[in-house]
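Whole structure, please, built from the sequences with the hints as guidance.
Here the sequence shown stands for residues 19 to 504, numbered as in our numbering.
Among the hints, erroneous ones may be present.
Claimed, not checked - Pair by pair, the computed Cβ-Cβ distance ranges are: (1) S248 / P452: 44 to 54 Å; (2) T420 / D395: 10 to 20 Å; (3) G307 / K397: 20 to 30 Å.
Simulated from the structure, these hints should not be mistaken for laboratory data.
Where is the CB? At the ideal position from N, CA and C, for every residue including glycine.
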Amino acid sequence: MMIAAMDQPPNQLIIYRYMGVETLAGVKPNDMFYTIFKHLHMINIDESGRNYRLHKDALFLLEDDDFLITFSSAPVLQLHNNNNNNELESVTVPSVPLASVQQNNETPRQALEAMDHYIFHVVSLKTGKVVHKIELEYHWLISSHCIYLRKRTFIVLSIHHQTLYIYNVTKDGKLELITDIGEFTEPPDQRLSRPGAVTQAFTGIKQLLLKNFFEFHKNDGNIQQFFQLSHLYRSLKMVRMQMLDDDIILIRWAQDDVIRSEQIPQPPPGPIYFTFFKWKTSEIIGIYGPSSTALLEIYEKCNESFRYGFLTKNERPITMEFCAEPKRMHEIFKKNYRNKNGSEQDLCRKLLSQLPCSMSICPAFSPFLDPKLFNYDEKIIAAIERGRVPCDMKIRTFNRLTGKEHLNISLDHLRTYHPDGTPLRANCSVLFHPYDAFIVAFLKRQPLIDISPTFYIPNFSSPENFTPTTDSTTEPPQEIITVVID
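Okay, here's the thing in structure tokens:
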């Protein structure tokens, strides 16, 4: 399956079925795209009356391939006067309900311009129709770090309202709200009437966080330090999250100043903390500082769960949890960093600053990138999975046994230039098929991608023309074909 968001109307998606790389044999370049990809559906996700933008880089596909989740956003409804006349520039509201903007005491005071209206769409890949949608008004989130899908559990973190919205994707494609965790940690149907005696005073996730901080200092024999740092602890807000398994959510906490900025800076300006939160039982089972050696040890031992927590199974793992080469490179990096900086605390802080890990846009699960078989620069994986491969980056891999070059993919031909001839800074999306010898690259042109993809397929000679050599330094090259879609 392939979902394309190419040079089409801004609110349109096209779904194709992948037919297999073998179908390209003997096909002319300009006919290749529609040979290997069979058109299935054209989907218009259009919300009238508002200037919605479809986030085409945020596509969440269920593992069983029956539904796709995406979302649109638009500025919240406001009154704007045109300077030239007294007409209204947009849809207006006489006033904004305070309960919508300030849903709880953890909601920061922000101008309406900093908030958005989000609509999440569930698309059936069988029918090509939007089967359900939900709306979140007066919210603010970062799509790469505030939305996560694992199995049929879909979680949205509203940074503005400091609330985790947890949904279940039903069999018919509806987003069914299980609970919202923020001001309360109990399910909605248990908040008005609690059976039996009340034994717990803390009902909000922030209260649970403060409770765990207090117990930490109490067990450390230094309760006074808790009160000295209470101002810092009270200012912490949820800024990122990811799922590690069906129950545990890794949450990153930072100070108020961070969430008031439009982008979370790296490194953050103040202290950060990490918590393991079991959302089904409303428990915080671990709390760690920004340079915690204990959390780093967990990250190294369970690297697959951190990097690919959105997958329940991975037939070709590439993390240091299962592969010796990534583990060796990780240890070399740690050794070099210690020799250069000499601080174990700074090393832990640097390695943990990437947590929680976002969902990969283009997972790099391919035989061509198997670390057991090939050597390559580990930065390649990060660039591919973020969907931002610089045009000047070469994707080169080398056979681990022979040392010969196996792949040498250049993206220079996709680069664009200014009128004066200087190159523009641009990124590409490079997609590796999980098991076929097929790679496709697109130049990204915000908010779309280019309509001329490049296919990379092996270029093997016919048996009668094949002459073995003993001094060759490279393996058979790949064939590069630029396809123009009419």
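Each hint, compared with the structure:
| no. | hint | result |
| --- | --- | --- |
| 1 | S248 / P452: 44 to 54 Å | 50 Å, holds |
| 2 | T420 / D395: 10 to 20 Å | 19 Å, holds |
| 3 | G307 / K397: 20 to 30 Å | 28 Å, holds |
The structure is consistent with each of the numbered hints, conforming to all of them.
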